[in-house]
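S.K.: Here are the chains, one letter per residue:
Number of protein chains: 2
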Amino acid sequence: MSTNSINGATDQESLTLPLLTSHRSLANSTSQVAIVGANVCPIESLDYEIAENDFFKQDWRTRGKIQIFQYVFMKWSLCFLIGVIVSLIGFFNNIAVENIAGIKFVITSNMMLFNRYGMAFLVFSVSNLVLTLFASIVTAFVAPAAAGSGIPEVKAYLNGVDAPGILSLRTLFVKIIGSISAVSSSLHIGKAGPMVHIGACVASLLGQGGSKKYRLTWKWLRFFKNDRDRRDLVTCGSAAGIAAAFRAPVGGVLFALEEMASWWRSALLWRAFFVTAVVAIVLRALIDLCLSGKCGLFGTGGLIMFDVYSANVTYHLIDVPSVLLLGVIGGILGSLYNFLLDMVLRVYNLINEKGIFYRIFLACSISIFTSCLLFGLPWLASCQPCPADASEACPTIGRSGNYKKFQCQPGHYNDLASLIFNTNDDAIRNLFSRDTDSEFQYSSILIFFVTCFFLSIFSYGIVVPAGLFVPVIVTGASYGRFVGMLVGSESSLNHGLYAVLGAASFLGGSMRMTVSLCVIILELTNNLLLLPLIMLVLLVSKTVADAFNGNIYDLIMKVKGFPYLEMHSEPYMRQLTVGDVVTGPLQLFHGLEKVGNIVHVLQTTTHNGFPVIDDSPLSESPVLYGLILRAHLIELLKKKVFSSTPVPIGADAFNQFSASDFSKKGSGNGDKIEDIEITEEEMEMYLDLHPFTNASPYTVVETMSLAKARVLFRELGLRHLLVIPKISSRSPVVGILTRHDFMPEHILGLHPLLFRSRWERLRIPLSQLFKIF
Amino acid sequence: MSTNSINGATDQESLTLPLLTSHRSLANSTSQVAIVGANVCPIESLDYEIAENDFFKQDWRTRGKIQIFQYVFMKWSLCFLIGVIVSLIGFFNNIAVENIAGIKFVITSNMMLFNRYGMAFLVFSVSNLVLTLFASIVTAFVAPAAAGSGIPEVKAYLNGVDAPGILSLRTLFVKIIGSISAVSSSLHIGKAGPMVHIGACVASLLGQGGSKKYRLTWKWLRFFKNDRDRRDLVTCGSAAGIAAAFRAPVGGVLFALEEMASWWRSALLWRAFFVTAVVAIVLRALIDLCLSGKCGLFGTGGLIMFDVYSANVTYHLIDVPSVLLLGVIGGILGSLYNFLLDMVLRVYNLINEKGIFYRIFLACSISIFTSCLLFGLPWLASCQPCPADASEACPTIGRSGNYKKFQCQPGHYNDLASLIFNTNDDAIRNLFSRDTDSEFQYSSILIFFVTCFFLSIFSYGIVVPAGLFVPVIVTGASYGRFVGMLVGSESSLNHGLYAVLGAASFLGGSMRMTVSLCVIILELTNNLLLLPLIMLVLLVSKTVADAFNGNIYDLIMKVKGFPYLEMHSEPYMRQLTVGDVVTGPLQLFHGLEKVGNIVHVLQTTTHNGFPVIDDSPLSESPVLYGLILRAHLIELLKKKVFSSTPVPIGADAFNQFSASDFSKKGSGNGDKIEDIEITEEEMEMYLDLHPFTNASPYTVVETMSLAKARVLFRELGLRHLLVIPKISSRSPVVGILTRHDFMPEHILGLHPLLFRSRWERLRIPLSQLFKIF
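Respectively, the protein sequence lines represent chains A and F. Numbers 1 to 773, taken from full-length UniProt numbering, label the letters of the first sequence in order. Numbers 1 to 773, taken from full-length UniProt numbering, label the letters of the second sequence in order.
Source of the hints: derived by calculation from the structure; they are not laboratory data. Among the hints, a few may not be true.
Identical copies go unnamed one by one, so any copy, or any two together, can satisfy a pair.
What the hints assert, rightly or not - Within a straight-line C-alpha distance of at most 20 Å, the following computed DMTMM-like cross-link-like pairs (lysine to aspartate or glutamate) qualify:
#	residue 1	residue 2
1	LYS726	ASP652
2	LYS672	ASP59
3	LYS57	ASP688
4	LYS726	GLU620
Take the sequences, apply the hints, and build the full model.
M.R.: Written out as structure tokens, the structure reads:
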């Protein structure tokens, strides 16, 4: 009561008193680096605003019909290419994993057939170790950005965070071979996340017209000169990744929409749909090709696709409680999973910081530990006699099947080995399959669940490409099946369906998607009649899990330090104005500026945008003309269109430039100010910035509330937001807001008062609730 | 060549010359009325901006945890209620239609069994006429806004267009009973579109807390005080509508996302998913209830759901050409359909303008015409002998079935009557069904296709609730089946699947959605293996059709005159500045304003937002303080918090107001200035506007390009955008931009030069292409 009345009193005061005293530091101290993959990198923002300068307008106006047609045609051709390439990579990936892992399991199983268990373990663990070592060495030395699933990195990129190397050719290459060898090495990791990253890399490289570094560029591809078009392509690429990984074209589109993209348009929906349709059709054709057995051990296993069609799934009211129970368990386990993964990642970060060799050592220890578990645990399970009416050979001969012999006598099988001593895909298939209700023992399923749960947490953070989807599905399916076995004959659903629902609940609890997960699971299992149950399970598990913590990818992004701009504002931002946050000192240019000044400013600051003002004699009082980008200034300095006196240049100056000079360079490919040589004489000359200045920058008045400025910044995807003064007597610009100025850490750092003041009372529940709903 | 060089020359000039001479009219002459349903209404804009005034901030700060929890809880409870109510209405709708139409067909068929053809025709046509008459009278007299499908109206509402009565209780009521009787009267119209409108009405009424007009309000429901929250609810409602109409929960979410919503957030995706999940679960429970035959003639027919599962659909490369052909035909027919429908609607508008009786007469003539066609055409078809191995009774006895006897002898059936003398749902089911490859003759299918195509065009515009989805599906299915028959045994697909693909292609060609249609069709037909083919067909048909004209709903919106703000800007907007478009004269208020002035301005203008400026003695030079809304001014005048001298009021003034005073009223429910009585004495008093003024309005500088200002306006969902001057010597505000200022017609009206100048060259292809891609 008393706190309330005190709060009430301060609230009343706050209307007349200024909200904050002006003790604010001047430099933005927010960290502008993040962990990309496994390495710490400096990061920049992307710029989705169109720099509408005279040159751009001129270029835009002179575009004829043919160029516009060419642009549209290129857009769609690139989408087609993305679809084809990503589906080929996805297919190759699958064939390689199935064959490498398959041969390993066949050799080991054969040795065990002759009771050479020691030798079998040696072969199994050494081959796993070698594969992991290879993957980790390649990742650590060649492209650290390829470590992990890549989904957080791509998600941050699509939010406007530019980190060098995130989508480079090197990353693509390492991601493909690293993912193949890591997944084949029986680590408890998936290949769907890396596929998303691969799709994004392919899209980005095509959009940039190849990799400049490796001189693999195609001029006809260099059509997309801005971050906007590239963002759209990368969104399509990530949709293609999921579509190729799960053969789920609609699910892929929805995944890109729900989880990955920060900006979305209806037109993009259509293009993403086109890309995933291409993926679906190419994959289908390739699988037809493999049906005849030309793809080695691939074909029986095949792409992830778990046909559980029981033509008439019937369920009744009696099944609802157990389905709800599954949802609740999924929510609790999912949030626990996220919490533990977050902790482990923080610990791993400490280890990874120590150096490359620590990273590789960590990866190898996890591999050895995994091998021991996978080989050791099945010994705990008792052998089961083969069922008389088994629809397939028992015990299984060769590669995939439900009945692994392992250490058992002929005519018996080891049910735990069927799950654990197998590829993840086969384990899922076994768990999902129907008419196998008596195949597994309680203890085996329970051991399998615990192993999966913890192994996948400890395996994610090592320095290899590693996805989360498949481990989460396996873990969810195992406890789903366990619940199914507990419910037993009370239920009209078979255990395979419980496994599917369990997988859905754990996915919902840890990844917190709804529509996309629902469609992905439907497409994976090819049974539409399950729809209402899957929706129910997802809703329950997401609701329960959201009460505890956030989406797993958001947590990972936070651990990695990406300045991700959320949609919603923190409540205290509504009480702050833009003026409370904007920092100086500000570097300005005049419309007609001395070359020496420009060079000096570019050399001494790292800013990427500078306000341009007009002063006397062009205007009576200083007036804001616009905003010029560093990249454009460097281009101007390179071309040296200087004049010895401060006079405007004519339109003919445009002839010295082509549109591609002002196009956005690929990440890290821009010229640096240090590379440009300018003579002493030129330093004294003048440059007319007007035609190259974006004369329509977005502006906010300094008294605007921070929350509303943030909405503007976020919705329009800006990199720079100019702050203009309320009263006109001062300089025409107060400052520039960038992404880092909107980060809660920065704002709370500027105004430490906010931390322990009455705002806190509001901050926690509100931000929590608004994040969730 | 010569034109090119001339253009080049003018382009060069344009850099130095001002783009436009300042011959511009002062008033915004754009029509601010639109056809809503069947009547012409004045329209307003909705306001998605938060009016951040001191009062709001105070209210926001004093909200405790409980209130926030209450808010979130209400949000989800309303979603739950929307789901339950919409599914109940949808179910009731279906039962009513199936029973009314069913009884009609049973009686008619029985009469024909005894060769009383004349009597049968009389009963058939009179019952149709009575039903149509009832529907049209109810619609025309009670709620003209309920005419048509309602999708264009809801789409416009979700874009920020507020028309009175669009989502009122009266509209809801008429839409339900009108749709039932119109669909039962064998008109060639659907019930899916009306269901979307019904869902939107339910959501809006719940969001507003009931209908004030009919005193049906619940205080505990009045929680959502702004257009933003209501928009979200209406989006969920429209998703629920499609989900209930087609039993397609995921399709419903995607439809709302792809076609209806102009703004979308990930959180909304989840809520829409929740709503449609509720719909799916309730519908399933209700259908279970009906399975035992308690629902009259409903149950055998049931909700639209066409199970065409042939467990193993196989298709090969040889099927691709015919599928592509279907896509191309669908695209051409779809755009032709849109074109003709557009024409017919324009003609109908002329008739409808003449008065209510013309409208009803038109509806009745269409009904009689339809009855004649439906009864007359089957006589053209020759009777077919019943197949020996028919899986059901032949000829059909009673209500639904594949083999209608019509005029044939016993042991024979009339294949055209099975299609045409039937409800649309049954016709679709017959067309989609497999193992019926020899049932239909070429001529029957062709006659049916032509009849459907034209009847549906002529039936849409009459003054009854009428959807487009089902007629489009029937028409598409009929030519799909025709193509299937032509291809014949060359193909491995059966004719039923061709009908499905034909329906997909025609939907794609006329509605131009992709992902949502794809999912809706999958959910309708319950066969996931068709996915790649459906994707292919949709892509081809949409691409082909987009080359000719736009989406059917966009065309209808244009005919109706809704000021829909598209995502993309017209190219010439990039060459104009905000200053070229903004119109005056502008009404300003001072921070401390005389009551008399306020009343006078409110009485003499219809503006909804006014800039508030601070002048001496509060500030040295005039300074923009913010923007105040008309509704808030009226509220202030009502409470009469005046002071006799111009002094700021203290914080205690807030105690006289509650947050709900400043909440957005339901459409048409706001107080009018004429209703407020103010004495002469009070007219001389002062009002402090500061605490009630939105101190953080969005602003643009007058030199900003119109295209970029438009992006800001559109993306943030604004109603008012303040334009501030570049040079500070003048008034601190130049003007206000509203939705109508961004309409191409308005801009071209202001600057007729743009019409016939070089811009035209660019305007057509660019706008066309950017709309499409």
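S.K.: Hints first: check each against the structure and report whether it holds.
M.R.: Okay, the hints, checked on the actual structure:
1. LYS726 x ASP652: neither (38 Å within a copy, 28 Å between copies)
2. LYS672 x ASP59: neither (25 Å within a copy, 51 Å between copies)
3. LYS57 x ASP688: Within one copy, since 17 Å is at most 20 Å while 46 Å is not.
4. LYS726 x GLU620: both (19 Å within a copy, 12 Å between copies)
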